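Novice: Spelled out, the chains give:
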Amino acid sequence: MTSHALSDTSALTGRSLRHIARSPDTIITTAVMPIAFMLLFVYVFGGAIDTGGGSYVNYLLPGILLITIASGVAYTSYRLFLDLQGGIVERFRSMPIARSSALWAHVLTSVVANLISLAVVVAVALVMGFRSPAGPLEWLGVVGILLLVTLTLTWIAVFAGLSAKSVDGASAFSYPLIFLPFISSAFVPTATMPGPVRWFAENQPVTSIVNSIRALLEGQPVGGDLWVALAWCVGVLVLAYVLAVVKYRRRTG
Amino acid sequence: MSTVAPAISVRGLRKSFKDLEVLRGVDLEVARGSIVALLGSNGAGKTTAVRILSTLLTPDAGTVTVHGLDVVADPAAVRRSISLTGQFAAVDEVLTGRENLVLVARLRHLPDPGAVADRLLARFSLTDAGGRRAATYSGGMRRRLDIAMSLIGDPPVIFLDEPTTGLDPQARIEVWDAVRELAAGGTTVLLTTQYLDEAEQLADRIAILHEGRIIADGTLAELKRLLPAPKVEYVEKQPTLEEIFLAITGPGAPRGVGATTTGTEDPS
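Those protein sequences? They're chains A and B, same order as listed.
Mapping of the first sequence onto our numbering: residues 12 to 264, in sequence order.
Mapping of the second sequence onto our numbering: residues 7 to 274, in sequence order.
If you're looking for bench data, these hints aren't it; they were derived computationally from the structure.
Only a predicted model underlies this, so the values are computations on that prediction, with no experimental measurement involved.
Warning: the hint list may mix true and false statements.
[Said to hold, decoys possible] Per label pair, the in silico range of CB-to-CB distance:
1) B/Pro117 to A/Glu229: 49 to 57 Å
2) A/Gln96 to B/Thr64: 51 to 59 Å
3) A/Phe193 to B/Glu217: 57 to 65 Å
4) A/Arg142 to B/Asp134: 27 to 35 Å
5) A/Gly180 to B/Glu99: 17 to 25 Å
6) A/Pro187 to B/Pro117: 29 to 37 Å
7) A/Gln215 to B/Glu217: 53 to 61 Å
8) B/Pro117 to A/Ala130: 32 to 40 Å
9) A/Arg260 to B/Ser47: 29 to 37 Å
10) A/Phe190 to B/Thr64: 40 to 48 Å
11) A/Arg260 to B/Pro117: 44 to 52 Å
12) B/Asp134 to A/Gln96: 44 to 52 Å
13) B/Arg129 to A/Gln215: 34 to 42 Å
[What the hints assert, rightly or not] Listed next, the in silico DSSO-like pairs over lysine-lysine satisfying Cα-Cα at most 27 Å (straight line):
14) A/Lys176 to B/Lys230
15) B/Lys243 to B/Lys230
16) A/Lys176 to A/Lys258
17) A/Lys258 to B/Lys24
[Claimed, not checked] According to the in silico footprint, chain B covers these stretches of chain A (three or more CB under 8 Å from chain B):
18) 18-32
19) 76-83
20) 106-119
Each residue gets a CB set at the ideal place from its N, CA and C atoms; glycine is no exception.
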């Protein structure tokens, strides 16, 4: 059965990529909210935020990218939920195909869709004046971190999609993920926050991820933040993956 | 007993969901190449039985073999021998009809999925609609596409769960023709239905599932013999299948009136 796992996954990934290609509005919707935040913060609040010099759009882009991913994976969960509701998954399950391929197809599709949304957001940021001295290696690092974050949040989305009882429930999990960057170093330096909030902001995963991406984009040394960010992502990724696979087995018998 | 092993064999099948006993000892045999209708009202357990036969559910007790393979011990091998068309047309509405067929052919690991798809489109009169999204299809077309998807890879056993529920009369006839064509090609078909005329029209044998057991199992002629021919002075009226069904499933109906002995023993 595993010998077919790759070809089954690629057939099913082709299917869900077609779904996205035929409703490109999901990619636009994913990008609209982070772009709106970016406009709001740069042109409305940004003037009042002191980030210690430098352009504010450069400062906030990493956090905006994380919000993009968080809103993008809501669609992953939504698509998985709809699939499970319809009869098509029953058909797949009664066929001799690798069982995990149905989940992996959604995961790969999520990665592709999020990369497109991220590219759209970066393009808008460039128009708004975002500039980076980063070289190819640094950009590779940024893409790598974003990929890892996408995979992590995607597996959380898969778990949510498998657990949801309704369409609304399937995407509700993404709200806290979208909100998390606001209590981090994504929009303002944590030093201005009062004690407990500052402690939370400095110790939650978004801050270390944002700081790592920001340092790479500014061509600065990354420091220990990168390892903290990687540890968070890999830890949560493994946990979400295990939960999702267990849930899938239980649900599909 | 014939010497050829049956395509489907069910013995003492039981399944409960929490406190609800859905199947209470089902016995059923389906001969190779025949069409058998599993007839029952809503909630009789037809879908549960089909889901167990197609490896989607595990039974609580009993033995179930499909194409000589045990569904619990060897579900992967069973899946290679069967195809399931569920109660709601399991087609991908975003994909075109042809893309749906190509997808299933790829998942069945067949060479040249495109050619497989084109052949089936032609066979089910869907060639013109093949390039359109399945969402634009009528109910009958969607069901035909659904059945065409089930045929890919020529599985020897096909399960159709309420294939015509929700279809208009014309679409029902289209589906019936498709099913007859299947059986003519030697495929074993087990279909569930709540429509008595559908069972009458299509099935070689009819098994009536009621309150979790098969209470009658036989050809239409055998089932008709379960009721005495009515004695009327001027007109002799044969009972319709509908009358037979209602008579033997009604409250206080006789039990163990099977036209064959299959499924009539009470295991308790």
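Novice: Hint by hint, say whether it matches the structure.
Specialist: Comparing the hints with the structure gives:
B/Pro117 and A/Glu229 have their C-beta atoms about 54 Å apart, which keeps the hinted 49 to 57 Å range intact. Evaluation of the 51 to 59 Å hint for A/Gln96 and B/Thr64 yields a failure: the beta carbon distance comes to about 22 Å. One distance hint, 57 to 65 Å for the beta-carbon pair A/Phe193 and B/Glu217, holds here, with the actual separation near 58 Å. The supplied range of 27 to 35 Å is broken by A/Arg142 and B/Asp134, whose beta-carbon atoms lie about 55 Å from each other.
A beta carbon spacing of about 23 Å between A/Gly180 and B/Glu99 agrees with the range 17 to 25 Å that was offered as a hint. At roughly 48 Å, the beta carbons of A/Pro187 and B/Pro117 sit outside the given window of 29 to 37 Å. Distance hint check for A/Gln215 and B/Glu217: the Cβ-Cβ separation is about 57 Å, which falls inside the suggested range of 53 to 61 Å. Checked against the hint of 32 to 40 Å, the pair B/Pro117 and A/Ala130 passes, with Cβ atoms roughly 37 Å apart.
In this structure the hint that A/Arg260 and B/Ser47 lie 29 to 37 Å apart at CB holds, the actual value being about 33 Å. With their beta carbons about 41 Å apart, A/Phe190 and B/Thr64 fall inside the hinted range of 40 to 48 Å. Distance hint check: the CB atoms of A/Arg260 and B/Pro117 are about 32 Å apart, inconsistent with the given range 44 to 52 Å. Hint check: B/Asp134 to A/Gln96, Cβ distance near 30 Å, so the stated range 44 to 52 Å is violated.
Distance hint check: the CB atoms of B/Arg129 and A/Gln215 are about 59 Å apart, inconsistent with the given range 34 to 42 Å. Between A/Lys176 and B/Lys230 the alpha-carbon distance is near 46 Å, which puts this suggested pair outside the 27 Å criterion. Annotation: proposed proximity of B/Lys243 to B/Lys230 holds, straight-line Cα distance about 12 Å (limit 27 Å). Restraint check for A/Lys176 and A/Lys258: satisfied, since their Cα atoms lie roughly 13 Å apart, inside the 27 Å limit.
For the hint linking A/Lys258 to B/Lys24, the alpha-carbon distance of about 19 Å falls within 27 Å, and the restraint holds. Only when three residues or more bring their CB closer than 8 Å to a CB of chain B does the claim for the segment 18-32 of chain A stand; here the count is 8, and the claim holds. With 0 residues having a Cβ less than 8 Å from any Cβ of chain B, the segment 76-83 of chain A misses the three-residue criterion, and the hint is violated. Proximity of the segment 106-119 of chain A to chain B, defined as three or more residues with a beta carbon under 8 Å from a beta carbon of that chain, is established by the 3 residues found.
The structure fails to meet hints 2, 4, 6, 11, 12, 13, 14 and 19 from the earlier list, while all remaining hints are met.
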